[in-house]
Structures are given as structure tokens and as C-alpha cells.
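*Asks:* Residue-level listing of the chains:
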Amino acid sequence: MATTTAAIPVRATRSYRPIWAWYAALVVLMAWGLAAWIDELRYGLAATGMRDVVSWGMYIFTFAFFIGLSAGGLIMASSAEVFGIKALKPLSRLGVLSAAACVAVAALMIIPDLGQPFRVGNIFIHPNWTSPLIWDILIITVYFVFSIVDLYVLQRHAAEPSRWKTVARVMAYVGLPTAILLHSVTAWIFGLQIARSWWNTSLMAPLFVVSAVLSGTALVTLLALCAQRFGKVELSQETRKWLRGFIVISLFVDLFFVGADYITVLWGNVPADRSALNLVLPGGPWAWLFWIEWIVGGVIPLAFLLVPRLKKMPGALGLAAFLVIVGVYAFRIELVVLGFVNPLTQFPPGNAVGTYNVQTSSFQLIGRYHPTWVELGIVIGLVALFAALITIGYRALHVMEPSPAAGHRHARMPAETKASS
Amino acid sequence: MAAKKTSIPHHVMVIDTNRCVGCWSCAIACKQVNNEPLGYFWNRVLTTAPNQSTTAKAPASNNMDVPWGTYPDCELAYLPVACQQCNDAPCVKVCPVQATFRRDDGTVLIDYNRCIGCRYCMAACPYGVRIFNWGDSNYAPGGVVGYGKEYSTEDRLVFTPERPKGVVEKCTFCVERIDVGELPFCVEACPLGARIFGDLNDPDSQVSKLVNNGGGEQLHPELGTDPNVYYLPVARRVPGES
Ligand code: SF4
Ligand code: SF4
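Chains as they are written, first to last, in this note's numbering: chain A, 1 to 421; chain B, 1001 to 1242.
Looking at chain B on its own, in the form it has when it is part of the complex (with noise of 0.2 Å):
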């Protein structure tokens, strides 16, 4: 075990919701790197209020950016949700031809050349994160290319430069990024800083730290599905305060 913990990371993110400012950047570096068509989100930024971590009431309004409570007590803040990367999650338990898999470093893949297009995946997921190529990709005039080759691990296909028609797809911690020690590409789009990547077993790392000391918080912790994607709630509630 001691041996495993030093050869193999364990790949976590962590957001500090009190720096996101809901710009988008990260959601359009996802776009931009994975070649995702018009209409494609595999990291989609949503509004809320502070420390709104589950939904316990109504949002405040169907559109985005738009402030909870009665002015002048307003609230903002902002949620960025992608893939979780879930410990226990829930598509790899359903995905009937093991499609999905789970790497021993955390992150959660889908083989492209096994996936049978179901959609159960998408049934299972709490989050909503996955997104099925419908048709034939619909890309913007001169869009960006992005990573641009195709990739593989554990000899199973995961990513490629067009969005493969028929199969699910969903955020993949930027595999073919991280596997060379680059930092996913939202992680470095963010212009505040707000995602913080890195190596859960190295207790120096800065994510260690804000999972076990900073108070880091998983999304919809109570349906047991152990995210790897950590959530650093509003600290202070009072404008003007430090």
C-alpha cells in the first residue's frame, strides 16, 4: 500500500467558489481543448447562491447570473460542474459492458471503441455531467482544434480529435494532459486561480491541505458517491469584509 501511494496519484480538483466570478473561461477552455461542438458543455458554470451546495430551495430565477434574495439583500455566487471523477460512481456500477472505467489514479473514463451508445450512464449520473454525441458534430466555423490526436490508456481508446458519433463522452480530468504532468486545461484557463489540481496522496500538496484542513466539500455528499472534485464553500458572507 505504502508503494502504491507513492507510484500512483490520486487525482483531485479542488474550487474555490469564493474566487469564481462566473466568467465562463474554464466551461469555453473545456469547449477549446476537447473539440466539443455547438451546444456541447462537459463543464458548464451555474448560478447559485453562497454555500448552496444541494438544492434545498428553488434557485431564485431560470436564468443565469441573476441573484438570489430581494435587492438589497442580494446573493451570488457560482457553481462550475463538470464530471466529479466519483470514488464509487455511479455509471461504472450500470455501464453493462464496462465502457466506463475507473482509473486506479481516480479519474472515470469511457472507452470509445466499447461503448454501445445505451445511455444508462447518463441515467445514473446525480450530476447531469454526460453528454451523448447525437448526430454528426456541428462545429462552429474555424473552431479550435484543441488536444487534436487521439489518446489512449490501459489500452482503451478515451479520447479523439472529433466527437465520435453514437457514444457518451463527459469531462476526463484532461487525461492525456495530466498523464504528463500538465495541469488540466480548465485549471490553467482559470484567470482567478479558482481550481486548484493536484495529488490527494502527497500530504504537502495544496490540495491535501484544502481537502482535509481547508474545509473542502464534495457535491451532493450524501448520496455516497465520493466525488474527487472538492468544492471550497463561500467563507464570508458580508461584502467588504476580508
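With the rest of the complex left out, here is chain A (with noise of 0.2 Å):
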């Protein structure tokens, strides 16, 4: 780490302090995680938020956009290497670097969401194939596994590449299904339920496989302009198209997943489904998630990634891509809390909450959801912790390659290939 900031002789005092700076921010808002988490396992579930009628929060949503950001980065690398995009080929170990942070990420998220944590391990004991979540478990560790091996095989690509190109040729093309399966797995965890008419739809599969990759690609291009902006890497002209690209398409394709099923909810006006749809549309209690998700998320960045004008600012993709990650982010809120919002049984006084107030019934007909600080806390604490994994890959790994037009074969440090060129 030292000798890459050694090596710049211009920038060295530059870059050095604030990284430190950096990984201290980081340290303390994980340490914050954990305080929250120690208060948590002190006082139960009870200290967040969620309740009988909404009893899956925050950390649920957080795991499902983290599985989410997690594909953009291995269906890029492997697409690059599948359907030989040059341009996006530079990003391909950035790509899976992020892929393993953001599965681990997500893994960690669900153990604050268990009552009884230290009994996790009864899920490898007695495992129950028929449920969703024996699945998902199974097909993210593999994800893990999968992404680090590929991280490896790509790292020693570009070290030898004539050595290594058909293993790593091999690893892209299981990479891709991995990815498209990760996310399946994870929305028939919600997709299956009956229960639920808001998740129960065959469009759940396909919807998380699309904002999966509309989010994880705005992710590394946000990834890929910090290390433009702090480290010595330059985007070509040609990947920025190529980034893009991939953003305008997947998001074109999201909204129109999710109008489609907003059109058949709509027109069917079958009561259960209209109710919860009812919530969300301008007019009900979330309906801020409804512009979030279509003008803030969707609307704005198109403007950005599209309008000539606009297209040409500075920082125009950077922000689009910022912008659409926070849309998904309302739409894995919508996904999961309106589920609960909306119970089957819509008859009054509703159900138990499981909490006494004075003031309050102990019941709720229509779910009410606010998260804690605790729960706040523990979600800071885990992307603080995914930052501070992005961050010692990024400069333990090299993963970026300093001239993308160049191709893979000059690999390394930004030292070594001016040396050379």
C-alpha cells in the first residue's frame, strides 16, 4: 500500500493523510454498528422498530439492495468478457471486488434481523429445503466463494494473462448465471408468498434481476469515478458510453417492469392488491417512495445520462449514477414494507401489534413502520464496513488499470506502466 503512494512522488502527501482521515471516519461509524448492535442483543428486537404487522424492516431491505449492488459488478465483468466489450474490461476486477463486498455486506445484515442470533448456526444443522431462505443462504455463499475465486483467476490475468485467459474465460461464463440465479433465489424469498398479493407475482424474479443490474452497474461507475477522482486511473470516453449504456437500458427496462405491474393491479382492481398499491401511488401515506422512485430515480438521471446538453456537464454520470441508487433503494423500500403495510385480512381492529402502549391500540390495521437508531446504527455500520472493504481492495489488489485504452495487458501500478510506456 505504502510503495503505491510512494511511487507518486507529486501526489504522495496529497493522498496519504486523508485516507487515514478516511479509515478513521470508517472505524467509528463501525464501531457505531456495533454499540447498536450490542443495545440490540441487550433489549431484544424490541429496540427497533418493527412490530407483528410490519415484522421485516430496515435490515431486510438493506440486505435486498446490497444482494442487489452486488450484481452489477459480476454480470459487468463477465459480460465484458462473455460478449467481448473491450471498454468495460478494465472495470472487470473493480466489478467483482465489489461483488464480494456487497454479498458479504448483505450476509452480515441478516444477523441483527434474527431474534435469537446465536442460533444461526441450526440453518446448516437442520436445513429445510423447501423454504426460500435454505436457498438464497446456499446460492450467496456461493456467490462469496465464487466472486473471490474470480477476483483471484482475474488478478493473475492480468499478471500473465496468456497463462490464465482460459480459466478466467471459464469463470465469466459461470459468472453470469451465478449473478442472474443470486438474484432469482433472492426475490422468490418474497415472490413466493402467497400471504402477501404485493410480492406475489412471477414478475418478482425478473424485476430484481434488472434494478439488480441497474443498481450494481450505477454502483461501479460511482466506484470507478472515486477512483478517477482519488486515485491515478482515467475512464476512457469509450467506457463512460459503454456505463451508461448499461444504465439508460436497465433502467428503461425497470420502470417499465414496474409500470407494467402497476398497470395490472390498476386495471384489475382486485381490492388487496389495489389497497397496497393505493399506499404508494401519489396521494397515499408513501407516496414520497413513488417520486423517489420515478422522478428522483428515474426521471432526473435519464435527463442526465440522455439530454445532450446535460449529458455534457461535468460529473452529469456520476450523479445520475448516485441518483439511481437511491431510487433502487426506495424501490427495495416499497418491495418489502408495503408487503406488510397491507395485511390479507383487512378486518378490523386488525392485528396484534405485540407491544403495549398506553396511549395506542394494540392493534394496527393499516402496518406503520419507522426504523431506530438502532437499526439506523447497524446499516451505518455495515456499509461503513463495506466502504472500508472497497477501499483496502481497491489498494491492497490494484484492481483498477491505470489506462483503460490499453486494454488488460498493462496491469499493475500506475508507476510501473508510465515506466513502460
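Warning: the hint list may mix true and false statements.
What the hints assert, rightly or not - Derived contacts from chain B toward chain A, CB cut-off under 7 Å, selection only:
1) L1038
2) G1039
3) N1062
4) A1124
Unchecked claim - Simulated crosslink set (EDC-like; lysine to aspartate or glutamate; CA at most 20 Å straight-line):
5) K1057/B to D1073/B
6) K1165/B to D39/A
7) K1093/B to D1226/B
8) K1149/B to E1176/B
9) K1057/B to D273/A
10) K86/A to E234/A
What the hints assert, rightly or not - Covered by chain B, per the in silico footprint, the following chain A stretches (three or more residues, Cβ under 8 Å):
11) 119-125
12) 332-343
13) 353-364
Hints in this document: simulated from the structure, not taken from any laboratory.
Bear in mind that the values here come from a model prediction, so they are computed numbers and not experimental data.
We treat Cβ as the ideally placed atom computed from N, Cα and C, and that holds for glycine.
Both chains are sitting in their own frames, so use the hints and assemble them into the complex.
*Replies:* Structure (C-alpha cells):
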């Protein structure tokens, strides 16, 4: 690590100190998350905002979100190889690194959600193979191991391209279906449930795959732009064009799928489906999700990616990528929480909440949910862990290639490339 | 199969909605025998209209005991709902660790020692009857302790006197009572005899007659969960007609 920074005399002093401030900030946030988790262990899940009507909350939608983020990297790395997109090859290792980090953080996100976290071993002792959750844990494990191995292979491939070429190709071909399977199985945790009409659609798996490609590509774009800002790499126009194309197409498909689902529910007008959708349409209590999804994460990024004048602005791509990620997060909230807010049996007084409060009823007909500081703390701590994994991985492995135009033959450190060219 | 029929009963409950007056005695009895803390209801009585077994239209009000319709054409009925003890239970299918299991008599139970508290079963249950123990139990002062012992069946712990933190629970059909030939406590507590419990394998039992010939209906039959709780619809709509 030290050699990288030392090798570039001009930037050395400028990039050395901020990195430790960055690490320090991340450590503080992770410590906060750990403290929040210890608090939760003491008081139980009563420390969260979840109750019996909305019984899954921030942990689960952030889990689904991180699973989605992990897609882009691997799909991009694999399609660079499978479809021979040269301009994306320089991002391969960064993509696979972000896939590994995202899926690890997603898996950790489940632990604080458990009421009995120390019994998590039961999953391996008494697996129930009819449960989508078991299949998801299996595919998450496979995916994590795969991305670590893939990272190693790409690392070796960068060093000795001729020897590792075939292996890298095989990994790319395996990677694509693995990524699609991961998102489908995660979607089926929700999509197979007959109890929640909001979830119970065969569109769920395709929707998860496309929103995963969308948010994952946006994440890799952001990371690559960060690398360009703080590292010594340059993204070529060609690479930017491909990233923009990936985001635009997957954003269109994503909005199309969500819109198609809305139309189906609106036209059918089945009470159980309608009452869930009404909550999120303009005028409903959850309409802010609709606006974030369609305007902040839909129309605005499309404008910044497509309108020629806006497209040329510096930072347009980064801004669009960031907004897209915000939009996908809103979609995850909408998906998970609204499935619960509106229980199938809609007779008063509703479902028991599971807590007693002098002022309010112990029943809710329409569920309510606000995350508490404990949930926010744990999620922020895990996001900090993700940032730390990416930073360390980036610096230790030199996953970005200095000059994308040169392709994958020139790997290693910027200093070396400079010397050789 | 014939031998099995005589040895293992098939426990079902029939609820006569024509007799139910919405007094919540069963819900309170359930709280007492199972020592459910404040805010917990394994069993609850929903306000509905006669012959409204599913949500075909929006309820009359968000408050309980509000009749449907406009005066003077008002209708009111009650739907007591606890775990429906589904034969094809979504909660059993989704539990990742087989903590929720179905006994051969049809009761669906939870192994308190195995449940990891993932709450997937709560997401999967169509009837909203599963209750998670979020934190330390908050008991009313001098609350009744009820059964007050641990109970295990098939070597699995399915009842404890205090609600165990971090696991999911629900109606057990009072497994500790029915295993010694007693009735579930809500059946005993109902002042109007609206709850009938028995063995569906016995063709002469009252429940068999009601389920087979008396018009017993399941809740949300379209979901295919095949519950072991049946509801007798309100037969007559005009007050005064016998
Ligand atoms: S009613 Fe719900 S908790 Fe009870 S058996 Fe059916 S799915 Fe499971
Ligand atoms: S909360 Fe417990 S009973 Fe329910 S699915 Fe998870 S492990 Fe099974």
C-alpha cells in the first residue's frame, strides 16, 4: 500500500493523509454500528421499529438492496468477457471486488435481524429445503466464494494473461448465470408468498435481476469515478459510454416492469392489490417512495444520461448513478414494507402489534414502520464496513487498470505503466 | 391407514359465527392460559358482516364493533381468528430450520429451542396470527400465569410458562391440554358454545358432522392452505327469523 502512494511523488503527500482520516471515520461508524448491535442484543428486537404487522424492516430491505448491488459488478465483468466488450474490461476486477464486498455485507445484514442470532448454526444443522431462505443462503455462499476465486483469477490473468486466459473465460461464463440465480432466488423469498399479494407475482425475479443490474452498474460507475478522482486512473470515453448505456437500458426496463405491474393492479382492481398500491401512489401515505423512484431515480437520471446538454456537464454520469442507486433503494423499501403494511385479512381491529402502549391501540389494520436509531446505526456501520472493504481491496489489489484504452495487458501499478510506456 | 385412523386423531375446530357475539372471552382466555403479555393476542375477534369470509370489499370502519351498512339496514358479525392450523401450512414450508412443524394430528407447533427468530413464517402466514416476542415480556401486575409449565411433544419444546424472547409463537390448539384429553381453553371459555373441538377422523363426532354436512367453511380456501379451523356461516340474515 505504502509503495503505491510513495511511487507517485507529486500526489504522495496529498493522498496519504486523507486516507487515514477516511479509515478513521469508517472505524468510528463501524464502532457505532457494533454498539447499536450490542444494544439490540440486550433489549432484543424490541429495540427496532419492527412489530408484528410490519415484521421485516430496514435490515431486510437493505439486505435485498446489497444483494442487488452485488450484481452489477459481476455481470459487468462477465459480460465484458462473454460479449467481448473491450471498454468494460478495465472495470472487471473492480466489479468483482464490489460484488464480493456487497454480498458479504448483505449476508451480515441478516444477523442483526434474527431474534436468536446465536442459533444461526441451525440453518446448517436442520436445513429445510422447501424454504427459499435456505436456497438463498446457499446461493449467497456460492456467489461469495465464486467472486473471491474470480478476483484471484482476474488478478493472475492481469499478471500473466496468456496462462490464465481460459480460466478467466470459464469464470466469466459461470459468473453470469450465478449472478442471475442469486437475484432470482432472493426475489423468490418474496415472490413465492401467497400471503402477500403485493409480492406474489412472477414478475418478481425478472424485476430483481434488472434492478440489480441497474443499481450494480451504477455502483461500479460511482466507484470507478471515485477511483478516477482519488486514484490515478482515467476512464476512457468509450468506458463511460458503455456504463451510460448499461444504466439507461436497465433503467428503462426496470421502470417498464414496475409500470407494467402497476397497470395490472390498477386495471384488475382487486381490493387486496389495490389497497396496497394506493398506499404508494400519489396521495397515499407512502407516496414519497413513488416520487423518489420515478422522478429522483427515474426521470432526472435519464435526463442527465440522455439530454445532450446535460450529458456533457462534468459529474453528470456520477450524479445520475447516485440518483439511480437512491431510486433502487426506494424501490426496495416499497417492495418489502408495503407487503406487510396491508395484511390480507382486512377486518377491524386488525392484527395485534405485540407491544403495549397506553395511548395507542394494540392492533393495527394498516401497519406502521419507522426504523429506530439501533437499526440505522447497524445499517450505517455495515455500509462503513462495505466502504472499508472496497478501499482496502482497491489499494491492496490495484484492481483498477491505469489506462483503460490500453486494455488488460498493462496491469499493475500506475508507476510501472508510466515507466514502461 | 385404517389403523392410523383409529390411533391418531385429526384435531379440528369449528367456529359457529352465528353464535359468536364478539365478547372476546376466547381471546382473553387464550391470554390467560398462555400467559400472553400486554399487547399480545394469539387469538383475536374481528368485526365483519355476515357471510363475509374474505375481503371482498372494504370494512365498514377501522374500528371494531361498527356494523356494516347504513341505518336501519345494518349487519354485524364476528370472526374469531387464531392460527388456522393449516394442513399445507406456508409457515412450515418457509421455516429455514424446521422449527415450525406439523404433528400428525394436524397441529402446527413451534420448537422454541430451534427457532432462530427470522420471522419468515410471519411473512408467509396469510392469516396474520403469528406473534413474535420482541423483547422482555411486559406483564400486567398480578396477571394470571395459566398453564405454568413447560410442555414438549415429539421431543421438542413447544410451550414455556413465560414467553421466550426472540422466537415466534402462535396458537398451539392448547396442545398440552388436548394431549391429555381436555379441550382447548378458548373452547371451554366461550359462553355461547360457538367453538366446537373434536376429531375429524371419527365420523360420529360433532365436528365431522359440521364439517361434512353442516356447511363448515375454511378461511381463504382459495389459497390452498387447507386449514383445520372451519367456520359455520351466519345462516340467517333477517333478525327475528329462527
Ligand atoms: S394459520 Fe398461519 S401460522 Fe397457522 S398454520 Fe396456517 S400459516 Fe401457519
Ligand atoms: S421465526 Fe422461527 S419458526 Fe419462524 S421461520 Fe424463522 S426459524 Fe422458523
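*Asks:* If a hint holds in the structure, say so; if it does not, say that too.
*Replies:* Here is how each hint holds up against the structure:
1. L1038: holds, 3 Å
2. G1039: The hint holds - G1039/B has a Cβ within 7 Å of chain A, the shortest such distance being about 4 Å.
3. N1062: Hint holds; N1062/B Cβ to chain A Cβ min 5 Å, cut 7 Å.
4. A1124: holds, 5 Å
5. K1057/B to D1073/B: holds, 17 Å
6. K1165/B to D39/A: Cα-Cα ~15 Å, so holds.
7. K1093/B to D1226/B: The given pair, whose Cα atoms are some 14 Å apart, holds under the 20 Å limit.
8. K1149/B to E1176/B: holds, 9 Å
9. K1057/B to D273/A: Given that 20 Å is the threshold and the Cα spacing comes to 12 Å, the pair holds.
10. K86/A to E234/A: It holds: about 15 Å lies between the C-alpha atoms, which stays within 20 Å.
11. 119-125: Per the Cβ count (5), the hint holds.
12. 332-343: holds (count 3)
13. 353-364: Holds: 7 residues of the stretch 353-364 of chain A have a Cβ under 8 Å from chain B.
The structure is consistent with each of the numbered hints, conforming to all of them.
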